[in-house]
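K.L.:
Order-wise, the sequence lines are chains A and B. Going by our numbering, the residue at position 124 of the first sequence is 124; the numbering climbs one at a time, nothing skipped. Going by our numbering, the residue at position 139 of the second sequence is 139; the numbering climbs one at a time, nothing skipped.
Hint data in this document are derived by calculation from the structure and do not stem from the laboratory. Quick caveat, the model's predicted, so the values are computed rather than measured. No residue lacks a Cβ here, since even glycine has one placed at the ideal position from N, Cα and C. There could be a bad hint or two in this list.
Chain B regions said to be covered by chain A (calculated; three or more residues, Cβ under 8 Å) [claimed, not checked]:
1) 76-89
2) 148-162
3) 165-174
Chain by chain, the residues run as shown.
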Amino acid sequence: MNSRTRRQSSGDRAPLAVSPDGYVRLTTTAFRAIPLTHLLSELDADVSLPPSTASGATLASIVGYTEWASQTTPALSLGWDWRIATAAGRVRYQRDGEVRSNVMLVDARRRDLGALATGVLLCVAIDTLEWEQSVDHYISNRYACHLSNLTVTENRSSL
Amino acid sequence: MRVISGAAAGLPEGYYGRVTHYRQRVFVEQLGWRLQVQDGSETDQFDRPDTVYVMVEDEAGNIAGCSRLLQTTRPYLLSEVFPQLLNGLAPPSDASVWELSRFAAMDFNARAATPLAQFASSATALLMRASVACAAERGAQRLITVSPVGIERLIRRLGIQAHRAGPPMIIDGHAIFACWIEVKGSEDA
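One chain only, chain A, in its complex shape (with noise of 0.2 Å):
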C-alpha cells in the first residue's frame, strides 16, 4: 500500500503492539504506510463446475476471498471477499462487504475510532490498493484447471 506524504504525530510513531483484546492499534496514517502482502485467496467452494463434456464457459458471478497481511511484528491481518464483475466489456474484481481484520485504528491521542468507523476507513484504504492482479494472477495459478471450463452460479451461501 502506498503511504502519502502527510505530517506525522506522536501518535502515528508509536510502536506497533497486540493490545490483550488481540487488536492491534494504530492511526489511520501509520496504517497506510505500512506494506500489505498478499497471503492467499480462494474461491467460495460452492461454485458448481459444470460436467467434463461441457464445451465454453457460462460465467454469471465468481465470488471469493482473500487475505493480506503486514510483515511488521506483530502483523496486520486483513481479509475481506470479492468478486468477478463485468462492466462495459471489461472484467474485473471489486471488494464485496466489510474488511475483516485484527486492526483497531486510533485517534492521535490514541482513543478507538471503534469498530464501526475503523472498517469504513479499512474498507477506504483497500480500495486505493491495487490488490486484483495479485488476486488474479493467485486464482489464476491456482484455480487454472477449473477456471477454463467453468459455470458459477449465483447462489451464494454466507460462509
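Mind docking chain B on chain A? Use the hints.
P.N.:
Showing chain B alone in chain A's frame:
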C-alpha cells in the same frame, strides 16, 4: 431442532460417543484433517471431564452440529498446539475467556449440500448462538476460536461481535486462524 450441552458425564446416555463419531465424520472424513481416530471416534487430549460440548440435533434425532468449549485456565488447543496464531500475544489464562473449537454443522442427511452451503444453514446459526450462550452461562465474557478462516464470515454475518487475532496460517494444507468473539452483546444477536 434442539440444543444439547454439558460436560461428558452430564450428557444424555450415548451422546458423548455420538458427538465424537460425528466429529470423525466431519473433520476426518469430510474435511480431511489429520486427527487422532480410534474406533470411529475423534478425540484428543482436550476431551476431558471438564470439557463442555454443545450439539444441535435435528427433528429426526440426528446430530446436525457440534462444538467444544474449554476454559482457558487449563490447557487448550490454542495454547498448546497453535499459540503462533495469536500474533505474539501470550495465550490467555482467564476464567472469563473460553476456547471454542471443533465447531461444525454438517447435516449428513441433507441432499447435495456443499460444505459452504452447510455453514449457511439454520443449524449452524443455532449452534453458534448456543455455543456463545453456553459459554456465557459458565462465566465467559470472551471466546477465542481456532477455526478455518471462513468461520469469521459466518460469525460476523450472524451479528456476533468478533475480530481476528492475527493472520491465517496454512497448517496441514488448511488455512486456519484464531478469532476473538465478544460474548457480551452477542448473546442476543
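K.L.:
Hint by hint, say whether it matches the structure.
P.N.:
Hints, verified against the model:
no.: 1; hint: 76-89; verdict: holds (count 4)
no.: 2; hint: 148-162; verdict: holds (count 9)
no.: 3; hint: 165-174; verdict: holds (count 5)
Consistency note: the structure conflicts with none of the earlier hints.
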